[in-house]
Each structure stands twice: as C-alpha cells, then as structure tokens.
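Engineer: Now for the letters of each chain:
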Amino acid sequence: GQQLNQSPQSMFIQEGEDVSMNCTSSSIFNTWLWYKQDPGEGPVLLIALYKAGELTSNGRLTAQFGITRKDSFLNISASIPSDVGIYFCAGFSSNTGKLIFGQGTTLQVKP
Amino acid sequence: NAGVTQTPKFQVLKTGQSMTLQCAQDMNHNSMYWYRQDPGMGLRLIYYSASEGTTDKGEVPNGYNVSRLNKREFSLRLESAAPSQTSVYFCASSETVSGSYNSPLHFGNGTRLTVT
Chain Y
1 GQQLNQSPQS
11 MFIQEGEDVS
21 MNCTSSSIFN
31 TWLWYKQDPG
41 EGPVLLIALY
51 KAGELTSNGR
61 LTAQFGITRK
71 DSFLNISASI
81 PSDVGIYFCA
91 GFSSNTGKLI
101 FGQGTTLQVK
111 P
Chain V
1001 NAGVTQTPKF
1011 QVLKTGQSMT
1021 LQCAQDMNHN
1031 SMYWYRQDPG
1041 MGLRLIYYSA
1051 SEGTTDKGEV
1061 PNGYNVSRLN
1071 KREFSLRLES
1081 AAPSQTSVYF
1091 CASSETVSGS
1101 YNSPLHFGNG
1111 TRLTVT
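The listed protein sequences derive, respectively, from chains Y and V.
Everything in the first sequence is counted per the working numbering, starting at 1 for the first residue and increasing by one.
Everything in the second sequence is counted per the working numbering, starting at 1001 for the first residue and increasing by one.
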C-alpha cells in the first residue's frame, strides 16, 4: 500500500534556528498537506499544496510540492517556543481516494 | 464556533469492557472520520462516513464499530476493549470526502484511552 516516510522523527533546536523536515513516498500524490499538532490538541492544517513544483508560504512556514509529486518539504524560519509540537505531512491520491499521513516530526525548541 | 467536539477527553477501561466515543461537528460537514494516533505511526484511519447514512472501513477497522447517527454526530464503539487499543483517538470532519482540495480535515482534540 501507499506509505509516507517522514523525517526526521524528532528535532531539538535552539530558538531562532531554521528547521527543515520532509516527506517522501514511492507513490504519486495529487495533494500534499502539512498539519501541526499542539500538545494535548488535535492537528490543525498549516499549508495545502495542489500542484507539482508549488511553493507556498504561511508566515514563517514555507512548503513545497516536489516536482516528481512523490515528496514535499516544510521549512520553518527563525523558530520560536510556540513552534513546539508534532508536524504531520499527508498526501492525497485521487487514484485511490485515500489520504495518508506520515509518522510525524516532533519539534522541541529551547528558549 | 466549537468545530469538532469529542467526549470523553480521557478514559481508562479494563480488558473486555465496552465503551462508545462520541463526536459532533457544527460545521455542516458531510464527511466524518475516526483516526487513532500511536507513537511513531502517525494517524491511521479506522472508519469514515462519506455522508449521512454511509460508513466504510479504513486502514485499521478491526475491533471497532461506528454509527453515523445524523449529519452532526459520528460515534466509535469498542465492544470488547483490548490493551492494543490503548491510543489517542481523533474524530475529524470535512466538507466532502477525502480531505483533499478545498476540503481539509478539521480535527477534534482527541480522546486518550488506556486499556489495562
């Protein structure tokens, strides 16, 4: 079946540093989504990407839909303590009609 | 707006006990979902309901049943709880099925279930 490999699994960084995480798959996706889960809450959508090569920003967050449609990355610039949480990528395939989630990247930020 | 509301927030069960997790959304969404979240495994779909009156199995349906009571409510039932069902359960909704273009998933805050 389709699988997403998200890396790294966890990151511990200093406030002010930039962060990069990515998702890869052997399958093609039509949509890539990035969610953030704050401690004790449900995931919230950060960025949605609908077209191969698309680069989209949301404040300090930037995400790209890989040109091969098999990968996506999320960058966070100048991290702050409230960036702490778990970040999930998700890929949607119109062929299967399924939305698949990555394993998550746990981010900790040291003030 | 409340969005997606899940009850209870926490629950401890003994092996073999049954319980129902409740979920309600106030966004007039057609599709609703139940996921479970386990460390290192991301979010896995248990069951979903594309529209009122329909339900379908997801990736990990064994040991669970669901009921789409009406457009707003979608419940998840564990008939005979097992330790392997210890997890965080999330309900989600979207305007149309799949959570893709213009129809992202909106999640509740989760139910933390422990089965001893």
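It is possible that some hints are incorrect.
Stated by the list, open to error - With a cut-off of at most 30 Å between alpha-carbon atoms, the simulated DSSO-like pairs for lysine-lysine come out as follows:
#1 V:K1014 - Y:K98
#2 Y:K70 - V:K1057
#3 V:K1009 - V:K1071
#4 Y:K98 - Y:K51
#5 Y:K110 - Y:K98
#6 V:K1057 - Y:K98
#7 V:K1071 - Y:K98
FYI, nobody ran anything at the bench for these hints, they're computed from the structure.
Engineer: For K1009 (chain V) and K1071 (chain V), compute the direct alpha-carbon distance and say whether it is at most 30 Å.
Structural biologist: holds, 22 Å
Engineer: K110 (chain Y) and K98 (chain Y) were given as a pair; does the straight-line alpha-carbon distance stay at or below 30 Å?
Structural biologist: Roughly 37 Å between the alpha carbons, so the hint for K110 (chain Y) and K98 (chain Y) is violated.
Engineer: Do the alpha carbons of K98 (chain Y) and K51 (chain Y) lie within 30 Å of each other, as the hint requires?
Structural biologist: holds, 17 Å
Engineer: When you check the alpha-carbon spacing of K70 (chain Y) and K1057 (chain V), does it fall within 30 Å?
Structural biologist: holds, 26 Å
Engineer: Is the hinted pair K1014 (chain V) and K98 (chain Y) satisfied, with a Cα-Cα distance of at most 30 Å?
Structural biologist: violated, 34 Å
Engineer: Within a Cα-Cα threshold of 30 Å, do K1071 (chain V) and K98 (chain Y) meet the stated pairing?
Structural biologist: With Cα atoms ~22 Å apart, K1071 (chain V) and K98 (chain Y) stay inside 30 Å; holds.
Engineer: Are the Cα atoms of K1057 (chain V) and K98 (chain Y) separated by 30 Å or less?
Structural biologist: holds, 12 Å
The structure fails to meet hints 1 and 5 from the earlier list, while all remaining hints are met.
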